[in-house]
Every structure is written in C-alpha cells, then in structure tokens.
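Following the hints, complete the assembly by docking chain B onto the known chain A.
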Amino acid sequence: MAQDKELQVREKKELVSKEEKTAPARYYVPTTDIYETADALTVVMELPGVEKEDLDVKLEEDVLRVEARIDFSKYEGLEPLYTEYNVGHFARNFTLSDRIDQQEIAAQLDDGVLTLTLKKAKAAQPRKIAIT
Amino acid sequence: MSITYTDPFHALFQFQQALDSFRASNWLQSSLSGTGTFPPINVFRKGDDVVIITEVPGIPKEKLSIDVKGNTIRIAGSKDAGYGDKASVHRRERLSGSFDRAVTVPVEIDADRVKAECRDGILALYLPRAERDKPRSIKIS
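These protein sequence lines are chains A and B, in that order.
Once you know that position 84 of the first sequence is 84 in the numbering used here, the rest is easy, because the numbers rise by one and skip nothing.
Once you know that position 139 of the second sequence is 139 in the numbering used here, the rest is easy, because the numbers rise by one and skip nothing.
Pulled out of the complex, with its shape left as it was, chain A reads as follows (with noise of 0.2 Å):
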C-alpha cells in the first residue's frame, strides 16, 4: 500500500510509569498497533533486539502487561562513536475493555515484532440474529 511514502523516524518514547522500578535504567514504549476483529483482538508491538525468551507477557484482571528485556551485552566492547536513537528494555501495559478468553492467547514474534492474538470470549462476540 503505502510503498511510496517515505518512512519517517518515529523518536522513541521513554516510559513514564507510575510505578518506578528499582534501577535506574530506562525502559521505553514499544511503538503499537491495536485492531480488532469479530472474534479477536490483535495487539501488534515492536520490539527491536527482543528474544523470546526475554520476553513476559501477562494478564491479570483486565490489565494486558507487556514487558521485554534486551541483552545489552551484545554491545560489550562496542565504543559508541555517534548514535541517533538509545537502547533499553520495553514495557507497556492496556487495559482491555473487552471480555477476553483467558485460555486463547496466541503470541507471535516475528523480526523484532510481537503479535498478540487475543480471542474475545464467547458472550463478547458479537451474534448474528436470525430474523424469522
């Protein structure tokens, strides 16, 4: 679609958390894409240096946790001669307004980009009346 447009940077945003973390590191906000279908909500997050395995995600009441950690030790030894964007964990949370099936939740990472397929719950769905 959208070949032609030129890709604009997006700056990092940092996160601003109402509960602080212990060490002073800073995390920031994985750039996201919500949308919904009739049967699922898809949470599309970008996660640059993210590996499966450092990654967590969570949902407690109605409250979806997403929190990633990067190996910055990859960068042991590297001397930064000039850099245009910072480096750290991720986190982000939502609140769903939406009843969620608990037990279907299908999480993808793909290329640095976590896919979160959430099935709504039955009664959620929207039903199709028949007209008699």
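Check before you lean on any hint, since a few could be wrong.
[As the list claims (entries may be wrong)] Pairs of lysine to aspartate or glutamate residues, derived as EDC-like cross-links and limited to a Cα-Cα distance of at most 20 Å, are as follows:
| hint | chain 1 | residue 1 | chain 2 | residue 2 |
| --- | --- | --- | --- | --- |
| 1 | A | Lys12 | B | Asp112 |
| 2 | B | Lys63 | A | Glu6 |
| 3 | A | Lys74 | B | Glu117 |
| 4 | A | Lys52 | B | Glu117 |
| 5 | B | Lys46 | A | Asp71 |
| 6 | B | Lys134 | A | Asp56 |
| 7 | A | Lys74 | B | Asp20 |
| 8 | B | Lys46 | B | Asp20 |
| 9 | B | Lys115 | B | Asp49 |
| 10 | B | Lys46 | A | Glu76 |
| 11 | A | Lys12 | B | Asp20 |
| 12 | B | Lys86 | A | Glu36 |
| 13 | B | Lys46 | A | Glu79 |
| 14 | B | Lys63 | B | Asp20 |
| 15 | B | Lys134 | B | Asp49 |
| 16 | A | Lys74 | B | Asp49 |
| 17 | A | Lys119 | B | Asp85 |
| 18 | A | Lys119 | A | Glu61 |
| 19 | A | Lys5 | B | Glu93 |
| 20 | B | Lys63 | A | Asp111 |
| 21 | A | Lys52 | B | Asp120 |
| 22 | A | Lys120 | A | Asp101 |
| 23 | A | Lys5 | B | Asp100 |
| 24 | A | Lys122 | A | Asp71 |
| 25 | B | Lys61 | A | Asp101 |
| 26 | B | Lys61 | A | Asp110 |
| 27 | B | Lys69 | B | Asp112 |
| 28 | A | Lys120 | B | Asp85 |
| 29 | A | Lys119 | A | Asp56 |
The set of hints was computed from the structure by calculation and includes no laboratory data.
Frame of chain A, contents of chain B only:
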C-alpha cells in the same frame, strides 16, 4: 570509553548515558549523506572496525538491501505494517513506507569484507577498516 559490566543494575543505565552523550556527535562530520533519516543509526567502534546498528522491526531480510561503495553504505527497503480489511483499528502507531539512506563513514573500509546481520529486528553492519587505512606505528631509530 568502552562498556564494562561491573554492577549489573547500573550497567544498562551507564550504557544509556554513554549512548546519550554521543547523540549526533560530530564523528560523521558533514558526511551524513543520502536522502532519508530512516532507519536511525548508532555507530560504534570495535577495535579497528566500525559497526553500524539500526532498528528495523517488522522488516524481513528480503525487504532490505545494503550496498557498499567506497566508504558509503546505503540501506534501503520498505516496511509494511498492514492488517486485514475487516479489522477495526483501535490504535495505529506503526508506520509503513519505503526508505533509502546513505551513510558515509570517515574511515576507509574494506568493501569486500563488509558483513550484514539481521536478527530480531536489529540490523548490524560490520565494516572492517581497510588495512591501508590503519595507523602504523613508526619505530624511532
């Protein structure tokens, strides 16, 4: 200043501060050529060599093209953050589009030995410094 990890709780913070202090440093001088500004890059030194790291989440290897000519590196490609037609959008923050960026580094690089690695949305380019460009120590006789 190289990164060392003595205290794991402070290490990341120190690293973040180090990255901040090199924000748009003048190392690349005016040689930041090319058209676009995407993807944002971080440039590091590793021994004699130069390493460029950039974040390209959601862009598969096949959509990226890297060219090297002289000491100029061109990173081009496109990103598609689309979704199905039947979806209703709650939040749209990810951007789609194409990009084309060229970076000229102020050291001579060995174009034949440039290596590119792309994993988990991070693209790393290893630019080995050309042998003839390396400083030689002169023995005083």
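Legend entry - Broken hints, by number: Violated hints: 1, 6, 14, 24 and 25; rest satisfied.
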